[in-house]
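Engineer: One-letter residues, chain by chain:
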Amino acid sequence: MSAATHAQDHAHHDDHAHHPTGIKRWLFTTNHKDIGTMYLWFSLAMFFTGGVMALLIRAELFQPGLQFVNPEFFNSLTTVHGLVMVFGAIMPAWVGFANWLIPMQVGAADMAFPRMNNWSFWLVVPAAILLVASFFVPGGAAASGWTLYPPLIIQQGISIDMTILAVHILGASSIMGSINIITTILNLRAPGMTLMKMPLFVWTWLITAYLLIAVMPVLAGAVTMLLTDRHFGTSFFNAAGGGDPTMFMHIFWFFGHPEVYIMILPAFGVVSAIIPAFARKPLFGYASMVYATASIAILSFIVWGHHMFTVGMPAAGQLFFMYATMLIAVPTGVKVFNWIATMWQGSMTFETPMLFSIGFICLFTIGGFSGLVLAITPVDITLHNTYYVVAHFHYVLVSGALFSIFAGIYFWLPKFTGKMYSEKLGKLHFWLSVIGFNIAFFPQHFLGLAGMPRRIPDYALQFAEWNMWSSIGAFIFGFSQLLFLYNVIECIRSNRKAADNPWEGADTLEWTHLPSPAPYHSFETAPVVK
Amino acid sequence: MGLDMIRKTIRNAAPAVAALVMGATANAAYDVDILPPASPIAQQIYDLHWAIMWVCIVIFVVVFGAMFYSIFKHRKSAGAKAAHFHENTTVEVIWTVIPFLILVGMAYPATKTVLEMKDASNPDLTIKVTAYQWAWEYDYLQDGVKFNSLLATPRAQIEEWQKKGEAKNPDYLLEVDNPMVVPVGKKVRLLVTANDVIHGWYVPQLGINQYGIPGFVKDTWFKADKAGTYRGQCSQICGKEHGYMPIVVVAKAPEDYAKWVKEQQAKNPQAAAPQQVAAAAPVAAVAEDPSRKWTADELKAAGEKVYAANCVACHQATGKGMPPAFPALDGSKVATGAKGPQIALVLNGKQGTAMASFSRLTDAELAAVITYTRTAWGNKAGEVQPSEVKAARKG
Ligand code: HEM
Ligand SMILES: [Cu+2]
Ligand SMILES: [Cu+2]
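Sequences listed follow chains P and E, in order. Counting in my numbering, the first sequence runs from 1 upward without gaps. Counting in my numbering, the second sequence runs from 531 upward without gaps.
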């Protein structure tokens, strides 16, 4: 962006930052950094909650037969694991990053609607409590898979109503957050920060926020119809009353496919910040990255049918959704090529953020390739609802979204906390995660090819070996995440002071214009971007 | 429990490591491929999958070869100085157009297969497949043969919460009491639907994965290339026993198939009501004559079988259920109360709960299972005759 001149006058703000302390600071805060911090810790807590469920699932699947849980509880575990990871771990983590970074990266003093920002966060908490508490009500937690398909979901008890309420609250929170983000980006940019000068993370979030506003109401509509079908005698999804269960799938996936891009677009932004920083070379094609992000977002609205190839849609429908889905590979490829061209002839170093970003590129691409395989309708028919799909979406969500969250945390921890994390432990966390992850999820491709369905608590004997490996890998991966928690706490408590810009190649405003840690109030007078 | 698991892990891991080290991935247990296709469509799927896999593998190797080359060559520690180039329209157009062309190349054969898959016209044989929680019903529309197909693996092999299960059958969880039987080389059209929730009729080797959606009938087709037994499972989560509703298709030479149809029809002279159930032998007897008066003992004996096949999943063999989700029948007011409401409940199910309609069972089977639940465990209510069920069905 511009020359590295430190706005020293910001540093003293900390001293007379007029905010309450203790619990009130967090309850009533309207400060984007406080709210960002709360989102990130919340996300970590949910990540461990969903992680415990995942490990229970993998413990049960370690060998054939039912050893630990009964089938019903198993179904609840997969369902709530999925919901918690998607809505509790990944999405809030990105909102946390957005809160911390967007105002600093566009040179704004705070988010556009600070009070609404506080609300957005505090809504998420009761929603998460509802989701987790639903395990303890009669009938147990939702057991329909995170896709909540009727009529199965109509059969269950009160936990479904809790889940529906939770989804509503989360949707409201996401919409408020998105309005805030869009307004901040469009109205509060510093002088000279034109749209095409914004860091890519800001761009990807701008587009993500539009996706959220477009699809969260759709999900809200779908679950409201479930609710009225359950309690008020409507028959939206009940054939006996003139409804159609397939309609729910259409509506759900019209939300669901953009949803996966909501989880991955900010990841593209983070990786696009980290690769140039550690290659010490500008991003190869800034403009084409922006256009690729926008094309992916637009295409994401017309591919939902690829989740429904087995409902028996007409050939024309299958072909349309197959072509549209394959088309998404083009802008996605553009992104991967761009990152590699950025690395090409750079002067690279491999600190933890860079390692996680490279891990992201390789493994996300594997997830992209398996996605391409699944896009081919006839092949999807044989792989739909098998472990191949489970492998595919964990490659894009865990080694995609989650790895880039790790990369982002390690990258910005110095700015967030003013301290340096331990490089040695960070690298250890990376290697354990990559190895554990691949042992856990690569064999699942083979299980899917051999025909093992997903969401089953028990399986035929020919699936035993790969499942055992998958469970071993999952436990390695899961326990390695305790090291991540340790790394963050150790970093906060250490006395390794971080430089204002510890990374040679980082050049966005938060690095060039603000000290580390970033002061409580930053950019009260806007910087000028040249 | 935890420690035990770790011990088990280690015990199981050792041979697995050894197997892997010896390059035993060729071993069936370490399968890494789609199962051998057994129908023309499955063959096309197989070929498509490998075609696209190879394209992906080649692209992966080239692209990541370049990346790792760069990682080793262009590192600061190796003295690399950063170049400063960026934006190059030619390069960007090339890497947009080439992938696009590759995709077009892949879409072409895929399209042909899609069109072929969707063409279920002119079948030699049509079977209606109805999914229930948790059984499949096969109705051979031309031949008047109709039966249910349920998991045949004994519970004692499955449940290991308290103690280690019995030794598992080789086809553990992939075996059924009555498989679907089809003639080799004939085009079989399936009409797939469901009674309660969405299920998926999935037999990978035949290239079929089709949701059964309550209230809608969807069609698909296959043609088995060679005689054999092809196994699959329900592919769409359908409640607690979703992992326990396998599918077995036996493809026989057309003559053998014709013989099988004769046998089935003989078991069931009235083609109009060709229902028989699950637990083969004793229950076949149930189907014989619905108007006859049964003794209480006959009903109880047959009812226990029907109960084991259709009700234990929820109400449990002990009749204690799994409250609050699945009520106990032992001591239940309904099960020990008036006959009318109870027959109606089992016949029609209860809307909005997991208690589905069991109208697919014959009058005799229903009478038997209702009698059983009225008299088993601590219950001491009277028997129900098939004629009463028949009357309830009419009314
Ligand atoms: C410790 C790491 C993780 C492990 C071991 C793990 C394991 C699993 C397993 C075993 C399933 C059940 C698959 C099935 O039976 O269908 C599952 C489902 C799922 N997981 Fe994960 N998972 C992990 C992390 C994540 C993360 C970070 C996400 C992020 C979004 C995620 C999203 C999902 C989703 C959406 C489902 C589908 C749930 C459903 O079937 O309804 N998982 N996971
Ligand atoms: Cu999708
Ligand atoms: Cu099922």
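Think of the hints as simulated: they come from the structure by calculation, not from any bench. Even for Gly, the Cβ is constructed at its ideal location relative to N, Cα and C. Errors might be hidden in some of the hints.
[To be verified] Which bits of chain P does chain E cover? Going by a derived footprint, with three or more residues having C-beta under 8 Å, they are: (1) 65-73; (2) 206-213; (3) 261-274; (4) 354-367; (5) 370-378; (6) 406-419; (7) 511-525.
Engineer: For each hint, tell me whether it holds in the structure or not.
Structural biologist: Hints, one by one, checked against the model:
no.	hint	result
1	65-73	holds (count 7)
2	206-213	violated (count 0)
3	261-274	violated (count 0)
4	354-367	holds (count 5)
5	370-378	holds (count 5)
6	406-419	violated (count 0)
7	511-525	violated (count 0)
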